[in-house]
Amino acid sequence: MENFLQSLISGLLIGGIYGLTAVGLTLIFGVMKVINFAHGSLLMVGMFAAYWFVKLSGLNPYLALFVVVPLLFLFGYAMQHVVIRPVFKAEKDVREPITVIIVTTGIWYILDNLSLMAFGAEYRVVHTSVSGKIFDLGGIYFLQSKFYGFLIALATTLLLYWFLKHSKMGKAIRATSLDREAASLMGVNQYRIYNIAFGIGTACCGVAGCVLIPFYYVYPTVGTIFDIRAFIIVVLGGLGSIPGALLGGILIGITQSVGAQFMAATWTEEIIYVLFLLILFVKPAGLFGNRHDF
Amino acid sequence: MNLLARRSSKDKILTLAALATAFALPLVVTSPSYLQMLILLLFYAYLTSSWNLVGGFAGVLPLGHAAFVALGAYTSTLLYLQYGISPWLGMLVGGVVAALVGVIIGIPTLKMRGAYFALATIAFAEAIRVLIENTSQLGPFKVNGPRGLLINLKGNSFAAYQFTSKVSYYYIMLALLLAVLGVTALLMRSKLGYYLSAGGEDPEAAQALGVNVAKYKLLAMALSCFFTALAGTFYAQLMLYIAPQNICGLNLSFEIAFIALIGGRGTILGPVLGALLLRPLNELTRNYLGGLLPGMHLVIFGLILVLVMIYQPRGIQEPLTRLYRRLTGGGNGQDEDTLPKAKEAVKL
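The listed protein sequences correspond, in order, to chains A and B. For the first sequence, counting from 1, position 75 maps to 75 in this note's numbering; every step adds exactly one. For the second sequence, counting from 1, position 3 maps to 3 in this note's numbering; every step adds exactly one.
Keep in mind that the hints were calculated from the coordinates and are not lab data. Careful: at least some of the hints might be erroneous.
Said to hold, decoys possible - Straight-line alpha carbon distances no greater than 27 Å define the calculated DSS-like cross-link-like pairs of lysine-lysine that follow:
| no. | chain 1 | residue 1 | chain 2 | residue 2 |
| --- | --- | --- | --- | --- |
| 1 | B | Lys111 | A | Lys283 |
| 2 | A | Lys89 | A | Lys55 |
| 3 | B | Lys111 | A | Lys89 |
| 4 | A | Lys283 | B | Lys191 |
To be verified - Simulated restraints on C-beta separations:
| no. | chain 1 | residue 1 | chain 2 | residue 2 | range |
| --- | --- | --- | --- | --- | --- |
| 5 | A | Leu8 | B | Ile104 | 31 to 41 Å |
| 6 | A | Asp136 | B | Tyr311 | 53 to 63 Å |
| 7 | A | Met186 | B | Leu284 | 47 to 57 Å |
| 8 | A | Glu91 | B | Leu186 | 26 to 36 Å |
| 9 | A | Gly138 | B | Pro294 | 44 to 54 Å |
Here the structure is a predicted model, which means the values were calculated and not measured. Ideal Cβ placement from N, Cα and C applies to all residues, glycine included.
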């Protein structure tokens with residue numbers, strides 16, 4: 001029973017962080033109707049940025065947030081503006097913007113291999129002031145870094161939700177996601193909104209990257225696992241729904257963690273894929289998604 | 001329909017010349033390592049052309065085709081290692097298995113958005129890979145998980161699908177490539193081809209006209225998976241070793257899709273042109289830069305893909321075809337796919 005509770009809590013904590021990555025992805029989809037296949041690679045970039053920041057400055061990884069998050073926002077903004085926008089514009093009226101998907105897959109490929117070239121394939125770990133420290137809650141142990149990561153992920157998601165609901169830019173983003181032509185008529189520059197949305201989505205990866213490095217290995221292909229997990233989570237939660245993404249993340253985190261109690265860790269990966277295929281076949285709209293979005 | 005009737009004589013001569021070169025090449029190239037490169041070139045050209053049957057003509061983006069390569073390879077290898085069944089037969093069985101699996105996966109996913117289908121194929125390919133990696137024994141079959149399967153060397157034996165000389169492998173692959181190109185050509189000019197292209201452009205309109213788009217997409221999927229699996233068996237017999245990481249990896253799936261996309265999906269020659277350009281490039285960059293900069297050839301690959309998608313989304317076959325038409329006198333400026341009746345109507 002204790003083991004079960006422990007794995008439950010551990011799953012909840014890491015699930016929140018998965019959820020944060022998924023929130024970025026779902027935001028990009030909600031606004032641009034494009035699934036960003038490069039999302040995992042952007043997370044990898046965030047992780048490496050945080051890694052180097054901590055390694056070179058020796059500072060607390062949570063301070064890295066102030067550097068990595070704006071950096072990644074700009075990176076995402078630039079990527080959307082330079083690489084994706086020309087293709088997006090060309091496919092504006094096409095029913096299925098497949099070329100954009102292809103371009104983001106290409107970016108996935110490029111980023112992963114550039115990172116491999118630049119940093120080598122080894123698994124890196126950075127020693128921070130929070131690495132390895134544990135909280136003891138009446139016999140139930142969990143990593144401090146995971147807990148802080150969960151709190152930060154939760155806070156970021158709530159902040160993002162508030163931003164979208166109440167700020168002027170947030171309303172512009174929501175308007176564009178509902179009807180881009182109408183929003184355009186209301187004076188919203190839709191391409192600027194796409195850039196910003198992409199930037200915010202990438203910034204979420206930056207936050208996730210910073211909170212992951214105290215307890216997660218950093219290596220060039222780490223993005224792939226998170227990428228696929230993020231896809232599964234956004235489909236589970238419903239494409240375009242931020243609460244859905246967070247909830248979905250937590251569900252996946254718990255499934256993985258509790259599952260590992262009953263079977264070898266390598267099989268838990270399989271469960272996630274099977275779960276994904278099941279969701280696609282049974283209820284593709286997910287928990288909170290729009291049935292017409294696919 | 002007479003496939004050759006609509007082509008000009010220049011096209012026919014060029015096709016014959018290309019075929020003759022392909023058949024005569026092993027007479028000139030005798031070094032086994034160069035032959036191996038050529039075989040792999042044909043292998044990738046074949047894989048992307050098989051991919052093209054569903055990725056090009058059904059208008060969807062399958063990004064997990066390596067799963068079907070693996071299904072083919074593992075089916076024939078397991079049947080051979082366990083029961084001594086000839087890999088030729090195992091190859092056909094593998095093809096059927098792959099086609100069935102492809103249809104099962106396709107039934108719910110082909111009617112979804114392109115992105116969902118792409119995701120489903122990725123998830124499916126990874127699910128198969130992880131399944132193979134985690135399975136040591138499946139019923140009577142020893143799957144051996146991540147350690148992979150070794151096929152014992154039998155020397156030169158047609159029945160065991162093994163040859164000491166690489167030349168035999170070359171001709172087998174060439175024959176397979178010509179077969180799949182032939183099927184593609186037949187498909188393009190058949191009713192099925194037109195139905196698929198209508199379904200790709202505007203599925204609702206097609207359905208309103210009574211075209212069962214779903215059925216034809218599934219048929220294309222079945223064909224594509226069947227042919228892809230045949231290549232799996234070929235690879236197993238060529239390398240005599242298969243493991244889930246290299247035969248079912250996302251890298252292979254992506255490479256197949258990317259080559260077809262860069263070359264030009266939805267056309268007969270696009271994927272082949274893509275392979276002709278990219279495979280040598282791959283080998284060259286890997287040989288010259290691989291030591292200093294590992295992974296550089298893949299970065300270049302990705303860059304080419306992104307650039308081609310931005311500037312020539314229909315693939316490099318489009319500017320190349322236009323160049324060819326201009327060089328051969330520009331007389332027959334039309335695409336050979338346009339109906340001949342239109343030309344006659346104008347003559348009135």
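These are the hints, each one checked on the structure:
1. For the hint pairing lysine 111 of chain B with lysine 283 of chain A, the CA-to-CA distance comes to about 14 Å; that is within 27 Å, so the pair holds.
2. Our distance criterion of 27 Å between C-alpha atoms is broken by lysine 89 of chain A and lysine 55 of chain A, whose separation comes to about 41 Å.
3. Annotation: proposed proximity of lysine 111 of chain B to lysine 89 of chain A holds, straight-line Cα distance about 25 Å (limit 27 Å).
4. Proximity of lysine 283 of chain A to lysine 191 of chain B is assessed by CA-CA distance (about 34 Å); at most 27 Å being required, the pair is judged violated.
5. A beta carbon spacing of about 35 Å between leucine 8 of chain A and isoleucine 104 of chain B agrees with the range 31 to 41 Å that was offered as a hint.
6. For the hinted restraint 53 to 63 Å between aspartate 136 of chain A and tyrosine 311 of chain B, the CB-CB distance of approximately 59 Å keeps it satisfied.
7. Between methionine 186 of chain A and leucine 284 of chain B the beta carbon distance is about 53 Å. The supplied range of 47 to 57 Å therefore holds.
8. Taking 26 to 36 Å as the suggested C-beta distance range, the pair glutamate 91 of chain A and leucine 186 of chain B conforms, at roughly 30 Å.
9. For the hinted restraint 44 to 54 Å between glycine 138 of chain A and proline 294 of chain B, the CB-CB distance of approximately 49 Å keeps it satisfied.
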